[in-house]
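Engineer: Sequence:
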Amino acid sequence: MKNYYDKQEKLNLLVSSSLASASIPFGALPSKLNSIIKPIMNSVKIERDFLLQRRSAYSVARLISFCYLPLNVPHSAFEFMYKLSEQLARPSVGDKLISNLISFLCADQLSTPVFYNHPDSQTGIMMIKVIQHLQTRSKLESVEDENQNQKLGYDNSMALAANEMENSKRVDSKKPTLTKKRTRTNAKDSKIDAKTKPVRSKAKDSNSNNSSKLNSVSSSPTKSAQESLTLLPNGSSSVKNLTEDEEKDLEVQVMFRGSLHTFKSLCMSLGPSIFIVSPKLWSYITTPMLKVHGQIPNWSHLSVTTHGYLDLKASFSIIESFSNLIIDDEIISSKDEKCISNNCALGQQLVDGFSILDTLCPFFHKDIQQFALIRLLFWVVQSLQSRFSAIRHVASKAFSTICKIITRDSMLVFVKFVLPWFGDSNRVHLRQSVAETIYYIVGRLGEDKILPYIPFLIVPVLGRMSDTDRHTRLVGTQCFAQLLRLVPLGINNKYENSDLDISHELLEQHARDRSFLAQLTDSSKLEPYKIPIKINATLRKYQQDGINWLSFLNKYRLHGILCDDMGLGKTLQTICIIASDHHTRRIDFEASQGRKADSCHLPSIVVCPPTLLAHWEEEILKYVDCLKPLIYGGIPSERRALIRKIKSYDVVIVSYDVLRNDIEYFSTINYNYCVLDEGHVIKNSKAKLTLAVKQVQARNRLILSGTPVQNNVLELWSLFDYLMPGFLGQERQFNDQYSKPILAARDPRLAPHVQARAQAESQRALESLHKQVLPFLLRRMKEDVLSDLPPKIIQDRYCNLSDVQKELIEALNKNVNSKVTSDPSDNDKPSNGETKPNLHVFQALQYMRRLCNHPALVLTPTHPLYSSITSRLEKEGRSIHDLSVAPKLQTLGQILTECGIGSSGGSGVGYASDSLGKSSSGNLLPSETMDFSTNISASHRALIFCQHREMIDCIQRDLFKNTMPSVSYLRLDGTVDARNRQAMVNKFNSDPSIDVLLLTTHVGGLGLNLTGADTVIFVEHDWNPMMDLQAMDRAHRLGQTKVVNVYRLITKNTLEEKVMGLQAFKLNIANTIVNQQNSGLKTMKTEDILDLFSLSGKSDSSKGGNNSSSSNQGKLTGDGKQPISATKAVDSLGELWDPKQYENEYSLDSFISSLED
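In the UniProt record's numbering, the protein residues as written are 1 to 1157.
Worth double-checking, as some hints may not be accurate.
[Stated by the list, open to error] Here are the simulated DSS-like cross-link-like pairs (lysine-lysine), alpha carbons at most 25 Å apart as the crow flies:
#1 K782 - K792
#2 K555 - K525
#3 K264 - K139
#4 K534 - K555
#5 K792 - K771
#6 K2 - K38
#7 K987 - K1058
#8 K814 - K782
#9 K814 - K1052
#10 K555 - K694
#11 K525 - K541
#12 K525 - K806
[To be verified] So the derived label-pair ranges between C-beta atoms look like this:
#13 P992 - R949: 20 to 30 Å
#14 M268 - A22: 13 to 23 Å
#15 G1039 - Q544: 11 to 21 Å
#16 D522 - K961: 50 to 60 Å
#17 K10 - S323: 29 to 39 Å
#18 I669 - D522: 48 to 58 Å
#19 R408 - N536: 47 to 57 Å
Calculated from the structure, these hints are not laboratory results.
Quick caveat, the model's predicted, so the values are computed rather than measured.
For each residue, glycine too, the CB sits at the ideal point set by N, CA and C.
Let the sequences and hints guide you as you build the complete structure.
Structural biologist: This is the structure:
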């Protein structure tokens, strides 16, 4: 019955409204209008059919016109028409109709927010929440283009970024989601005092309760104080199967649409006389503005309601009127007090007035637009200063709409008087207001209109991308991303100053800001920077160019990554800009006699690996005389004594670990520069070290890294999140936009046609990312800028497995392969019924890695094969430390001999016919038949890199001590105190009698200058090849005079060979972004890991299975408790920034003890 009743009501409405609409065009209206007003107003309010509602809206507009301007009906017609009287003006009826339409127009909370006095109402940017709800709102099937609030071109990106920001904030605060959500959405519960609730319904109904004739029209919808944005519907894009809340929201949208079409028709009908005919409508817009802000200088707002107002057009000066506009906290507070008086009635009327202006001004006659809107900007700008987010929100929308209509004059006001607020560091609400206004201006102005103003906007927006307020930062980064796409057009040569449609007052500033854009996008156009201090070095041209770029960043308070190739002098360039800026600031501060607080002394901080602490101090003292460095380190008691001295030094040098431990002290100090040397260590955004570094407050932030992208592009997001938080969006958004398409292209399981599409998408993502980060990266390669640097030759030396290694690998296959595939058989169970411990895949990988280097690293007394292998070796007259069981040591000895190292003191043992120590039959020769006394024509010095100290022990014991005792060497690893490492480096470089420096890649592979060596040998390889590239460039750098030979020892048919083969894909990724290489373990697929344990190089997929009822004993796990798949195990490796954490957590000894004989 209800359905039939609803259908009957719709038909009745259709018939009655159609009849009333048909009678209005005659112009002869009855004395009592209730029978006409009620049906057509209800049709405007609830009719969902777009065409029928628009017809009723047009009829209401004509009815209002007739109420103000009745038609001249001949007197003779009265005797033929029933109850027809002489047509008189009925302005009170017209005013009441407009009042009801205004309440319809302001019914939508997302268009006209509720104003109330609560602490939440003065924080944040309301636009962010509005856009989030608009993106998920159920919309009408026919909404015309006039509804601009739902037409912003980049709202989807903003909504995604805002969602990510809220999610991250919830995680960081560790508070329940429900509580946080209620706070963020301004939900008003019982805790809000009744005095702060708005009285909107009373304020609106008071205008329409004087006449019983109009009371029958449905009363204006009200917004209860208990309602909020969270009550609006989420999700559906269709009107079918709507929830109750979604249905109510659609009713509100129907009212808004009907009222909008009515006012549009009314504006077209009355033209420039609309406010003369209906001053009530003008009063709804301007009266609350007048009450809050007072009279507009040199203009009476009532002049629009009088005839001849256009004659006053030339008497208004924009610059003169707005020059009286000042920012005074007391004045702002007094105006805000007015808004919250009388239960927020005036504040709600002000919000309604701006909402009406924003919605209707596009339909005003062009004479009204040119005359009135530019004057109303004075009130709009004053409202942008309000501390209430709702007032700022509607004012910013109104400003952007006016900018679209009268762009030239409005943008002059914005650039001259509003945009400077962006630099107000003390008033967050002003920065939020400007950010919100820029967002709407960028979204609503078309390309042709916004292009001339890109130089004005992008410079201050860049400065807000690192704002301390997260809302301002979020909006600023979204605006910058949109503007950046238009930058090439904005600096195009065709837009000369003489051709620009901008006010002449802005031409000079436009030329200056346009020059900035040219320098931002093309480093070759950077202005040369004259270093104001003495540098104790001769700078090469590319180094001066680098300092020019750093000076450009400093000038505009930007931040960047100096990612020159290793060995090109990143440290020197950084010291130059730090010293120059400290000198300039000191001169400015002294010239102002201490009044220029922005130039007061601030220390700079350099964060680096512990090995480089002394190196930085030495370089600073060497190159400049005006900086006083301090190494912050030692035991906690020593560091506490140093913390009080930091502000008296110019540069504080601290290691990453010490910074993390003492971040509560470092975060309380403001720094001039914060430099992260080898800054790629913060690549994991969730690591404690990264979170600590991001707490450091500095005016200028700089990352130094020869390899900024090492494993995947997501690492680049973490680096930029430190430099300019939000610039690359939120982490999940960045991952979806860039990381996933790039990684998807290397999936071998894709069909050829799918693979081709994935590769095309990957290329587009790479190119897009490259363009976005390009202005903030400076990259020069050695081969491009150092024509006098000797070449670097990389050679791979392959080693065959020894018999002992083969035996251990075969045993490993039997024990591990089935465990990785999660298909243990009954035969795998121990005969004694004991349960074996669960194993992590990383343990198996570490086992294989060490076995390739030296069998002694895994063949410990707890190994099940220890007794059998050692017994067999004893019978053969060998031991586990014999060179014949360690092919890498044999190859290493041969390379050293070829380099003339150790040849003078040979012990009568050495190599046979080739570098692999093989006989003619291909078998490894015993150490007794080897001879290291080969005649060498020249002598060299070598760096030998290993991953583990145990491998260095093997080299010292098995090769140097037993076979090559004449080799002189130093050892640099984690056992050497960080404060003594630079002294050891200096000793090696200065003493040619030292043949070899043994290093671990982790300690000696970053930042050191080891040009005393010309040979680099990698006995072990890092999962991340960037670490090896960094290490080999310790010798191949400025100051090297010899050809650098790099040897990489690789064991054939093992994981080493396969890992090296997996690097090509990621090398291409990094080359596209920053022209450098990267690869790593964490993107290897399960089948790749299975390959690592196979001698044949192919995984045995036939062994795989998925028996869910099988026992979990012996399976690989991610946490030592629950079994997981190999894929998840490998993916988890990327969650920790240092793989050594896995080595500590998952002991290799437990893995060895789990192997079966």
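Engineer: Against each hint, give a clear statement of whether it holds in the structure.
Structural biologist: Hint check:
{"no.": "1", "hint": "K782 - K792", "in the structure": "holds (10 Å)"}
{"no.": "2", "hint": "K555 - K525", "in the structure": "holds (15 Å)"}
{"no.": "3", "hint": "K264 - K139", "in the structure": "holds (21 Å)"}
{"no.": "4", "hint": "K534 - K555", "in the structure": "holds (21 Å)"}
{"no.": "5", "hint": "K792 - K771", "in the structure": "violated (31 Å)"}
{"no.": "6", "hint": "K2 - K38", "in the structure": "holds (23 Å)"}
{"no.": "7", "hint": "K987 - K1058", "in the structure": "violated (38 Å)"}
{"no.": "8", "hint": "K814 - K782", "in the structure": "violated (48 Å)"}
{"no.": "9", "hint": "K814 - K1052", "in the structure": "holds (20 Å)"}
{"no.": "10", "hint": "K555 - K694", "in the structure": "holds (22 Å)"}
{"no.": "11", "hint": "K525 - K541", "in the structure": "holds (15 Å)"}
{"no.": "12", "hint": "K525 - K806", "in the structure": "violated (60 Å)"}
{"no.": "13", "hint": "P992 - R949: 20 to 30 Å", "in the structure": "holds (26 Å)"}
{"no.": "14", "hint": "M268 - A22: 13 to 23 Å", "in the structure": "holds (21 Å)"}
{"no.": "15", "hint": "G1039 - Q544: 11 to 21 Å", "in the structure": "holds (19 Å)"}
{"no.": "16", "hint": "D522 - K961: 50 to 60 Å", "in the structure": "holds (58 Å)"}
{"no.": "17", "hint": "K10 - S323: 29 to 39 Å", "in the structure": "violated (58 Å)"}
{"no.": "18", "hint": "I669 - D522: 48 to 58 Å", "in the structure": "violated (36 Å)"}
{"no.": "19", "hint": "R408 - N536: 47 to 57 Å", "in the structure": "holds (54 Å)"}
The structure fails hints 5, 7, 8, 12, 17, 18 (numbered hints given earlier, in ascending order).
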